[in-house]
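Enquirer: Each chain, written out:
There are 2 protein chains.
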Amino acid sequence: MASPATAAVENLPQVLLLLHPAAFTIFGEEHFTSPKFRFLKAYESSLPLDEFLAANARSVRALLVSAATVVGAGILDLLPELRVIVTTSAGLDQLDLAECRRRGIRIASAGDIYSADVADCAVGLLIDVLRKISASNRYVKNGFWATKGDYPLGSKLCLFQLRGKRIGIVGLGRIGLQVAKRLQQGFGCTVSYNSRKKKNPDQVPYPFYQDVRELAANSDALILCCGLTEQTRHAVDKEVLAALGKAGVIVNVARGAVVDEKEMVRCLVEGEIAGAGLDVFEDEPVVPKELMELDNVVLSPHSAVLTRESMMELARLVVGNLEAFFSNEPLLSEYEDD
Amino acid sequence: MASPATAAVENLPQVLLLLHPAAFTIFGEEHFTSPKFRFLKAYESSLPLDEFLAANARSVRALLVSAATVVGAGILDLLPELRVIVTTSAGLDQLDLAECRRRGIRIASAGDIYSADVADCAVGLLIDVLRKISASNRYVKNGFWATKGDYPLGSKLCLFQLRGKRIGIVGLGRIGLQVAKRLQQGFGCTVSYNSRKKKNPDQVPYPFYQDVRELAANSDALILCCGLTEQTRHAVDKEVLAALGKAGVIVNVARGAVVDEKEMVRCLVEGEIAGAGLDVFEDEPVVPKELMELDNVVLSPHSAVLTRESMMELARLVVGNLEAFFSNEPLLSEYEDD
Numbered sequence: 001m002a003s004p005a006t007a008a009v010e011n012l013p014q015v016l017l018l019l020h021p022a023a024f025t026i027f028g029e030e031h032f033t034s035p036k037f038r039f040l041k042a043y044e045s046s047l048p049l050d051e052f053l054a055a056n057a058r059s060v061r062a063l064l065v066s067a068a069t070v071v072g073a074g075i076l077d078l079l080p081e082l083r084v085i086v087t088t089s090a091g092l093d094q095l096d097l098a099e100c101r102r103r104g105i106r107i108a109s110a111g112d113i114y115s116a117d118v119a120d121c122a123v124g125l126l127i128d129v130l131r132k133i134s135a136s137n138r139y140v141k142n143g144f145w146a147t148k149g150d151y152p153l154g155s156k157l158c159l160f161q162l163r164g165k166r167i168g169i170v171g172l173g174r175i176g177l178q179v180a181k182r183l184q185q186g187f188g189c190t191v192s193y194n195s196r197k198k199k200n201p202d203q204v205p206y207p208f209y210q211d212v213r214e215l216a217a218n219s220d221a222l223i224l225c226c227g228l229t230e231q232t233r234h235a236v237d238k239e240v241l242a243a244l245g246k247a248g249v250i251v252n253v254a255r256g257a258v259v260d261e262k263e264m265v266r267c268l269v270e271g272e273i274a275g276a277g278l279d280v281f282e283d284e285p286v287v288p289k290e291l292m293e294l295d296n297v298v299l300s301p302h303s304a305v306l307t308r309e310s311m312m313e314l315a316r317l318v319v320g321n322l323e324a325f326f327s328n329e330p331l332l333s334e335y336e337d338d
Numbered sequence: 001m002a003s004p005a006t007a008a009v010e011n012l013p014q015v016l017l018l019l020h021p022a023a024f025t026i027f028g029e030e031h032f033t034s035p036k037f038r039f040l041k042a043y044e045s046s047l048p049l050d051e052f053l054a055a056n057a058r059s060v061r062a063l064l065v066s067a068a069t070v071v072g073a074g075i076l077d078l079l080p081e082l083r084v085i086v087t088t089s090a091g092l093d094q095l096d097l098a099e100c101r102r103r104g105i106r107i108a109s110a111g112d113i114y115s116a117d118v119a120d121c122a123v124g125l126l127i128d129v130l131r132k133i134s135a136s137n138r139y140v141k142n143g144f145w146a147t148k149g150d151y152p153l154g155s156k157l158c159l160f161q162l163r164g165k166r167i168g169i170v171g172l173g174r175i176g177l178q179v180a181k182r183l184q185q186g187f188g189c190t191v192s193y194n195s196r197k198k199k200n201p202d203q204v205p206y207p208f209y210q211d212v213r214e215l216a217a218n219s220d221a222l223i224l225c226c227g228l229t230e231q232t233r234h235a236v237d238k239e240v241l242a243a244l245g246k247a248g249v250i251v252n253v254a255r256g257a258v259v260d261e262k263e264m265v266r267c268l269v270e271g272e273i274a275g276a277g278l279d280v281f282e283d284e285p286v287v288p289k290e291l292m293e294l295d296n297v298v299l300s301p302h303s304a305v306l307t308r309e310s311m312m313e314l315a316r317l318v319v320g321n322l323e324a325f326f327s328n329e330p331l332l333s334e335y336e337d338d
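From first to last, the protein sequence lines are chains A and B.
So the first sequence is numbered by the working numbering: it starts at 1 and just counts up by one.
So the second sequence is numbered by the working numbering: it starts at 1 and just counts up by one.
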């Protein structure tokens, strides 16, 4: 017979987890728990997912997902009582939004909590690529400064100034706007942008380009900050890379598939663009092996959102959204279609 | 017999070089030449320096130096006709300024041309240390993301947010002010500073600390941007590092000797401070070997001033100052004591 404490826990409403959320590994599951709900972990079952859901999940009203958890109509059909999806991601491209809307499933995202960190990472990657910080660090740590002389070797100085650079931002949402502010106000760059719609010029003074290729042709660096949609998939293609040109740099903190990765790799290897700072890839965690040897390419493992401070805020928001849902209170960060 | 062209070159006024300037190696000597003067290169002679100067340099009126060329009374005694020193450095700590003043020798420095690049490098190093960009890059390039999982491993998330951090700037000159602008306006940090004198608060709104230790106690990161003087030598000592504390970060784009390097290395190894981004060292190009293995330490080889764009501007300024001197025109960037 279950103890009263166990029975009390078993009576708590369930929050379904399909995959192990990365945030649990990175920051600790204990930060995401609450006395007001308990987790139902599909990934700990030996059953196939559909059998597990058929056996356990027909009464589940809440689902917690990360960026990696794809939720389409098939899963939703197995969860007829589902009313809320809370995601640890700011982007929602893993969710079938139309199906959620049709079924009346509300969505709470991580909202704006990552924007500053992602913007910082974009600027950090850009400075690193232009000034070769990671490559210099490796050079010094290998002991080459004392034995081989100044980095870079040879007469071709491959460190470039940030001031005055023309920055093209693809996707001027919350992250893009923060990147723009840092680079224009802080570093004296000039900013232009592409996005679905031109922003109100009274609020957003940067020049708008309807066409990414044209933006690239007028930029020294393209910084990708857009969501992944059918419109932005491979938005940076062969023609855009050619327009960016031999002195141009790509920074991607959006999603890997916003770029035609194969074509970008070819351009980097053949010197058709100058460098890249990449936090995201088309087939993560697999990274094209050609990039591993290039000093003008800086790679980070989709960690633009990962800081101790943002994880603390995420935990507060996830627990708060789920507790609010189960208490019939307004969600803290409900996503609304625009 | 010399050809007319050779004779014409030999009649040009001489600009003495004691050491091979780094800028010649990095950017190319051809950018620093002029039809109005010629270089007299002591470093190409097999004679000891004093013999070379006694034999060749008694009529030399102009000297071109870099940061590495120490010029004291001994050298100046051998150059009685010297009237101008042009340096490729912004700092003047290699020159005996009192002796130069006493002898009426004018000085033209690189002025403000490096400030933006150095400030960019300081911010880049700070982001790198907080967000572990170089360490992540190495992790991904070693293929560990696909084989070992997310970086950082384990439950202790060691990536930190920049927003809201308390930045203490030591030396609020041209570089320090540009660092302050980037971090406060661009990234939402709060800035305080220490310098020889408190600035006019109408022009400089940041809180002033007379004492570096007290600044450190109230900062998450100390960014060193001061010149090296007897007052600033080892300004960051054991007590300051202890005041900065276990969560604190040091960024040094000033001079290595502003920090007690041995003590800083001990603090980094023993976890008494959180990390460091270092462009300068006490005994360059020798870097303490204890730093080579630390993921929370980012090293660059005194390259904060090195960009293609700043080298182009330097060449314009060096040639312009020397041509102006030989034409009895005002120097482009004359140093004046304050």
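Please keep in mind that the hints were generated in silico from the structure rather than gathered at the bench.
One thing to keep in mind: the hints can contain errors.
Identical chains share a label here; the pair holds if one copy fits it or two copies do between them.
[Said to hold, decoys possible] Lysine-lysine pairs mimicking DSSO-like chemistry, simulated, CA-CA at most 27 Å apart:
#1 Lys262 x Lys181
#2 Lys198 x Lys141
#3 Lys181 x Lys198
#4 Lys141 x Lys289
#5 Lys262 x Lys141
#6 Lys148 x Lys41
#7 Lys238 x Lys289
#8 Lys41 x Lys246
#9 Lys181 x Lys197
#10 Lys197 x Lys148
#11 Lys197 x Lys41
#12 Lys36 x Lys289
#13 Lys238 x Lys141
#14 Lys41 x Lys289
#15 Lys262 x Lys148
#16 Lys36 x Lys238
Enquirer: Hint by hint, note whether the structure agrees.
Expert: These are the hints, each one checked on the structure:
1. For a Cα distance limit of 27 Å, the shortest separation of Lys262 from Lys181 qualifies neither inside one copy, at 31 Å, nor across copies, at 39 Å.
2. In this assembly of identical chains, the alpha carbons of Lys198 and Lys141 never lie at most 27 Å apart, being 46 Å within a copy and 38 Å across copies at closest.
3. When the C-alpha separation of Lys181 and Lys198 is checked against a cutoff of 27 Å, the pair qualifies only within one copy, where the shortest distance is 18 Å, while the shortest distance between copies is 29 Å.
4. In this homomeric assembly, Lys141 and Lys289 come within 27 Å of each other (Cα to Cα) both inside a single copy, at 23 Å, and across copies, at 8 Å.
5. In this assembly of identical chains, the alpha carbons of Lys262 and Lys141 lie at most 27 Å apart only when taken from different copies (17 Å versus 31 Å within one copy).
6. In this assembly of identical chains, Lys148 and Lys41 lie within 27 Å of each other by CA distance solely across copies; the values are 23 Å between and 55 Å within a copy.
7. Taking the closest pair of Cα atoms, Lys238 and Lys289 come within 27 Å of each other only inside a single copy of the chain (20 Å); across copies the shortest separation is 45 Å, beyond that limit.
8. For the homomeric pair Lys41 and Lys246, neither the shortest alpha-carbon distance inside one copy (49 Å) nor that between copies (37 Å) is at most 27 Å.
9. Taking CA atoms no more than 27 Å apart as the test, Lys181 paired with Lys197 passes inside one copy only; the shortest distance there is 19 Å, against 31 Å between copies.
10. In this assembly of identical chains, the alpha carbons of Lys197 and Lys148 never lie at most 27 Å apart, being 52 Å within a copy and 41 Å across copies at closest.
11. In this homomeric assembly, Lys197 and Lys41 never come within 27 Å of each other (Cα to Cα): the closest approach is 41 Å inside a single copy and 61 Å across copies.
12. When the C-alpha separation of Lys36 and Lys289 is checked against a cutoff of 27 Å, the pair qualifies neither within a copy, at 46 Å, nor between copies, at 52 Å.
13. With identical chains, the CA atoms of Lys238 and Lys141 are at most 27 Å apart between copies only, with a shortest distance of 25 Å across copies and 36 Å within one.
14. Taking identical chains as interchangeable, the C-alpha atoms of Lys41 and Lys289 are never at most 27 Å apart, the minima being 35 Å within one chain and 47 Å between chains.
15. For the homomeric pair Lys262 and Lys148, the shortest alpha-carbon distance between copies (24 Å) is at most 27 Å, but the shortest distance inside one copy (34 Å) is not.
16. When the C-alpha separation of Lys36 and Lys238 is checked against a cutoff of 27 Å, the pair qualifies neither within a copy, at 51 Å, nor between copies, at 49 Å.
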